[in-house]
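There are 2 protein chains.
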Amino acid sequence: MQGEEDLRSALSCRYPGSSPDNFIITNGASEALDLSLRAIYTPHAKILIPRPYYSSYLDCVELSHMDNVFLELQDGRMIEDDIEKAIDGCIGMIFNSPGNPTGIVQSSSVMDKIERLSQERKKYIISDDVYEDFDYSGPHRQLKGEYIISIHSFSKSFDMCGHRVGYIYTTNKKLIEEIVRIKACTSMNTNLLAQDFACQVLETDKEKMVTQSQEMEKKGLYMYERLKALGLELWKPEGAFYLFPKMEDSSRVVSELYYDYGVIVYDGKWFGAPNRIRLSFATSRENIDKGLEKLGRYLNR
Amino acid sequence: MQGEEDLRSALSCRYPGSSPDNFIITNGASEALDLSLRAIYTPHAKILIPRPYYSSYLDCVELSHMDNVFLELQDGRMIEDDIEKAIDGCIGMIFNSPGNPTGIVQSSSVMDKIERLSQERKKYIISDDVYEDFDYSGPHRQLKGEYIISIHSFSKSFDMCGHRVGYIYTTNKKLIEEIVRIKACTSMNTNLLAQDFACQVLETDKEKMVTQSQEMEKKGLYMYERLKALGLELWKPEGAFYLFPKMEDSSRVVSELYYDYGVIVYDGKWFGAPNRIRLSFATSRENIDKGLEKLGRYLNR
Chain G
137 MQGEEDLRSA LSCRYPGSSP DNFIITNGAS EALDLSLRAI YTPHAKILIP
187 RPYYSSYLDC VELSHMDNVF LELQDGRMIE DDIEKAIDGC IGMIFNSPGN
237 PTGIVQSSSV MDKIERLSQE RKKYIISDDV YEDFDYSGPH RQLKGEYIIS
287 IHSFSKSFDM CGHRVGYIYT TNKKLIEEIV RIKACTSMNT NLLAQDFACQ
337 VLETDKEKMV TQSQEMEKKG LYMYERLKAL GLELWKPEGA FYLFPKMEDS
387 SRVVSELYYD YGVIVYDGKW FGAPNRIRLS FATSRENIDK GLEKLGRYLN
437 R
Chain L
137 MQGEEDLRSA LSCRYPGSSP DNFIITNGAS EALDLSLRAI YTPHAKILIP
187 RPYYSSYLDC VELSHMDNVF LELQDGRMIE DDIEKAIDGC IGMIFNSPGN
237 PTGIVQSSSV MDKIERLSQE RKKYIISDDV YEDFDYSGPH RQLKGEYIIS
287 IHSFSKSFDM CGHRVGYIYT TNKKLIEEIV RIKACTSMNT NLLAQDFACQ
337 VLETDKEKMV TQSQEMEKKG LYMYERLKAL GLELWKPEGA FYLFPKMEDS
387 SRVVSELYYD YGVIVYDGKW FGAPNRIRLS FATSRENIDK GLEKLGRYLN
437 R
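Line order of the protein sequences matches chains G and L.
Per my numbering, the first sequence starts with residue 137, numbered consecutively.
Per my numbering, the second sequence starts with residue 137, numbered consecutively.
Simulated from the structure, these hints should not be mistaken for lab results.
Mixed in with the good hints there might be a few duds.
A short list of chain G residues far from chain L (calculated; beta carbon distances all over 12 Å) [what the hints assert, rightly or not]:
1. 151
2. 205
3. 245
4. 300
5. 309
6. 382
7. 385
8. 388
9. 400
Some chain G residues close to chain L (C-beta under 10 Å, calculated; not the full set) [stated by the list, open to error]:
10. 166
11. 199
12. 321
13. 333
30 Å max Cα-Cα, derived BS3-like pairs, lysine-lysine [said to hold, decoys possible]:
14. 309/G with 364/G
15. 309/L with 310/G
16. 182/L with 182/G
17. 354/L with 182/L
18. 405/G with 309/L
19. 309/G with 309/L
20. 249/G with 309/G
21. 310/L with 405/G
22. 280/G with 309/G
Note that the Cβ used here is the ideal one computed from N, Cα and C, for glycine as well.
Let the sequences and hints guide you as you build the complete structure.
So, in structure tokens, the structure goes:
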């Protein structure tokens with residue numbers, strides 16, 4: 137139920153001070169998030185979500201029978217005082233850094249603040265760390281503490297999307313027990329073959345992981361400059377694969393780009409940010425160029 | 137999200153009048169059950185569960201924020217009048233036939249009744265059909281109707297436990313949409329390799345499936361006779377892999393058999409039937425003999 141012993145052992149080597157007992161292998165990061173929310177469920181509880189957010193956070197919280205409360209990001213960043221004020225009415229928070237859709241990495245002082253608030257006020261922090269290996273601002277900051285629930289995926293770091301393997305890392309023993317109890321009823325286990333694959337890919341050279349991240353960053357910066365040259369207002373990518381430029385009438389843009397130009401972009405509305413669109417640079421330089429060329433034609437039509 | 141097209145096509149060939157759209161591929165039967173309950177969730181709703189029940193039904197209903205109501209089985213069988221009375225206060229029912237832990241197959245008149253009540257009173261029937269290919273009473277009865285949600289697994293029929301592939305079959309389009317919406321947030325998809333394997337094993341010869349079932353039945357009848365010879369009171373197996381004899385102080389028996397004789401049996405308490413124990417015959421004739429010999433020594437000690 138908790139996952140294969142060797143995979144959990146291999147993971148524990150990556151987290152100083154951890155043991156295999158601190159991990160639960162899940163059917164992707166999505167199940168990890170769902171199980172975490174079901175485990176911390178408290179009647180009428182509220183969960184704080186920085187906005188713009190990853191689209192499924194809202195549904196996940198609703199499906200776990202709790203309520204969403206929003207923390208407005210300022211240019212993709214959390215403001216320390218805002219977190220402090222907003223967290224009090226909530227039992228916890230979900231956020232991602234590097235962020236999807238923002239591409240922003242939260243500052244270390246914000247992360248310090250979250251860590252401290254979590255510990256002092258006993259607030260669960262569900263940290264969606266699926267882009268941990270695509271942090272262009274420096275080594276990924278792993279939050280620590282009894283109320284930290286860290287969500288990870290093999291899909292992004294190791295290109296293992298179709299295998300659906302993710303995991304939860306937390307040092308909270310009671311929470312681990314509760315999550316395992318829930319998983320035992322709701323999905324029993326995670327595909328064993330995929331767990332074996334995951335165990336194998338963990339042996340990937342660290343250098344290779346760094347190269348992968350650097351190449352992604354280069355593509356991001358390239359696309360960022362090209363979008364700026366097209367006159368778009370957007371944030372410089374600090375992590376993940378996304379650019380999130382402002383765009384009036386985003387829904388029309390999404391639809392016209394798709395139907396008239398064969399380009400897929402996502403509507404900012406789906407992430408709580410109307411009048412922005414999300415573009416991904418997790419593709420080849422060639423595809424990025426093709427997309428940019430079409431986007432340019434569309435904007436100058 | 138809904139599952140690979142070819143797997144759903146292959147499944148639709150097995151259900152007359154169905155289309156690939158009627159299937160959702162899940163991370164095992166457990167996720168299928170969990171998703172179904174979350175999809176039919178109605179505040180304060182009650183779900184009817186025949187007792188003895190498969191142990192995780194209770195937790196699953198609780199985790200979906202609904203309440204359990206019980207229908208007492210008589211010698212493992214549902215009584216038609218009891219169903220009719222009990223279903224009215226509930227939005228639906230979960231049951232399995234062939235049954236785990238009972239090994240009983242519900243009669244065709246009971247199945248007719250359930251089908252009729254479901255349709256007339258718009259009650260969801262979650263039919264846990266994971267033992268469909270181990271029905272010793274004749275071909276498995278597939279319930280039909282708009283409110284029927286049928287839960288299946290590749291683990292039992294095709295020995296694919298570790299791969300975690302199951303599916304939901306229903307002709308209710310709205311329900312399919314809602315389940316897919318929930319799965320998109322809570323586990324996104326099911327391992328693609330395992331879906332490919334599942335597609336392959338569906339080509340298994342029908343004759344081979346029949347032989348597999350006949351061999352299992354023989355083992356069940358053999359074990360049944362041997363247990364009767366040991367003086368135990370139990371039902372003749374009609375399906376699935378289980379025998380469920382009466383046993384005073386079942387918890388002590390389970391513990392002593394495990395620690396003193398190295399035999400694993402399950403406590404009837406876990407299935408809502410104190411003073412019974414569950415034995416499985418899904419193992420080799422040799423293991424069955426070893427287990428029976430140890431059980432004999434224990435009972436005559």
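Cross-check of the supplied hints:
| no. | hint | result |
| --- | --- | --- |
| 1 | 151 | holds (24 Å) |
| 2 | 205 | holds (18 Å) |
| 3 | 245 | holds (32 Å) |
| 4 | 300 | violated (5 Å) |
| 5 | 309 | holds (20 Å) |
| 6 | 382 | holds (27 Å) |
| 7 | 385 | holds (26 Å) |
| 8 | 388 | holds (25 Å) |
| 9 | 400 | holds (17 Å) |
| 10 | 166 | holds (4 Å) |
| 11 | 199 | holds (6 Å) |
| 12 | 321 | holds (4 Å) |
| 13 | 333 | holds (9 Å) |
| 14 | 309/G with 364/G | violated (48 Å) |
| 15 | 309/L with 310/G | violated (40 Å) |
| 16 | 182/L with 182/G | holds (26 Å) |
| 17 | 354/L with 182/L | violated (39 Å) |
| 18 | 405/G with 309/L | holds (27 Å) |
| 19 | 309/G with 309/L | violated (41 Å) |
| 20 | 249/G with 309/G | holds (24 Å) |
| 21 | 310/L with 405/G | holds (25 Å) |
| 22 | 280/G with 309/G | holds (14 Å) |
The structure fails hints 4, 14, 15, 17, 19 (numbered hints given earlier, in ascending order).
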